[in-house]
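> Sequence:
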Amino acid sequence: MIFTSDNGCAKAAGIPQLRKKGHHVSAQYRGSKADIWDGGHRVPFFVRWLGKVEPASRCDQVITLVDVFATVSDITGEKAPDMAEDSVSFLPALSGQPIQSTRKGVIHHSISGHFAYRQGKWKLLLARGSGGWTGPKENQVGADALPAQLYDMQKDPSEKNNLYLSHPEVAQRLLADLTADIQNGRSTDGPEAKNDVENIVLWKSG
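Each residue of the sequence shown is one higher than the last, beginning at 31 in our numbering.
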């Protein structure tokens, strides 16, 4: 059994009112639904599998809901659909083992079309603000705002300390990998796949 949810909590739910009642919808994570920050992307993910998954065990490896395709394929022996070229099986993680993957990073996307890329502890955001509905929005940031954001998600899960200027080599590496994934139409090894749209613009706030 898998329990999970849609990404982020919508502002229409009345987030300030929920907070007053003690319900912090995004916990320590910044932003909410539609944003490029983790408050708009992280979701609960629980697995119950008697005899396979140790009760109360935890895993800090990064997965996405797309990975359910490859994982179920591993379990059942049925081929995953062709549209799941980005899917990576997290079956090893259910028994405490490392996930084996050719995928270098996970692509994020905000409602306004701003990209982010998560690789290990690092997350690069090609946006100056939230990229979504939370302030500051892209049209609200100051003229001195940096062109992108880079965060160490292990030390700074709330995405408050922008390291874009202090770690340019990391930002450039992640940007190169993101660009390659977009150009290949997939984030895993295999034949090139066709993107849904042509002429994808990575830097929408440039």
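It is worth saying that the hints were derived from the structure and are not from the lab. Please note that a few of the clues may not be correct.
[Stated by the list, open to error] No farther apart than 30 Å at their CA atoms in a straight line, the calculated lysine-lysine pairs in the DSSO-like style are these:
{"no.": "1", "residue 1": "224", "residue 2": "234"}
{"no.": "2", "residue 1": "51", "residue 2": "224"}
{"no.": "3", "residue 1": "190", "residue 2": "41"}
{"no.": "4", "residue 1": "190", "residue 2": "234"}
{"no.": "5", "residue 1": "50", "residue 2": "190"}
{"no.": "6", "residue 1": "134", "residue 2": "151"}
{"no.": "7", "residue 1": "41", "residue 2": "51"}
{"no.": "8", "residue 1": "185", "residue 2": "151"}
{"no.": "9", "residue 1": "41", "residue 2": "109"}
{"no.": "10", "residue 1": "151", "residue 2": "82"}
{"no.": "11", "residue 1": "224", "residue 2": "41"}
{"no.": "12", "residue 1": "134", "residue 2": "109"}
{"no.": "13", "residue 1": "109", "residue 2": "82"}
{"no.": "14", "residue 1": "185", "residue 2": "167"}
[Unchecked claim] Label pairs and their computed distance ranges (CB to CB):
{"no.": "15", "residue 1": "74", "residue 2": "49", "range": "15 to 23 Å"}
{"no.": "16", "residue 1": "209", "residue 2": "175", "range": "21 to 29 Å"}
{"no.": "17", "residue 1": "165", "residue 2": "72", "range": "29 to 37 Å"}
{"no.": "18", "residue 1": "43", "residue 2": "75", "range": "19 to 27 Å"}
In this text, a Cβ means the ideal position worked out from N, Cα and C, and glycines have one as well.
> All hints, please: hold or fail.
Verification of the supplied hints:
1. 224 / 234: holds (21 Å)
2. 51 / 224: violated (47 Å)
3. 190 / 41: Holds: residue 190 and residue 41 sit about 21 Å apart, inside 30 Å.
4. 190 / 234: Holds, at roughly 21 Å.
5. 50 / 190: holds (23 Å)
6. 134 / 151: Since the Cα atoms of residue 134 and residue 151 sit roughly 12 Å apart, the hinted pair holds (cutoff 30 Å).
7. 41 / 51: holds (16 Å)
8. 185 / 151: holds (9 Å)
9. 41 / 109: The hint is violated at about 39 Å.
10. 151 / 82: holds (28 Å)
11. 224 / 41: Since the Cα atoms of residue 224 and residue 41 sit roughly 34 Å apart, the hinted pair is violated (cutoff 30 Å).
12. 134 / 109: holds (23 Å)
13. 109 / 82: holds (22 Å)
14. 185 / 167: holds (24 Å)
15. 74 / 49: 15 to 23 Å: holds (18 Å)
16. 209 / 175: 21 to 29 Å: At 22 Å between Cβs, range holds.
17. 165 / 72: 29 to 37 Å: violated (20 Å)
18. 43 / 75: 19 to 27 Å: Since the Cβ atoms of residue 43 and residue 75 sit about 20 Å apart, the hinted range of 19 to 27 Å holds.
The structure shown violates the earlier hints numbered 2, 9, 11, 17.
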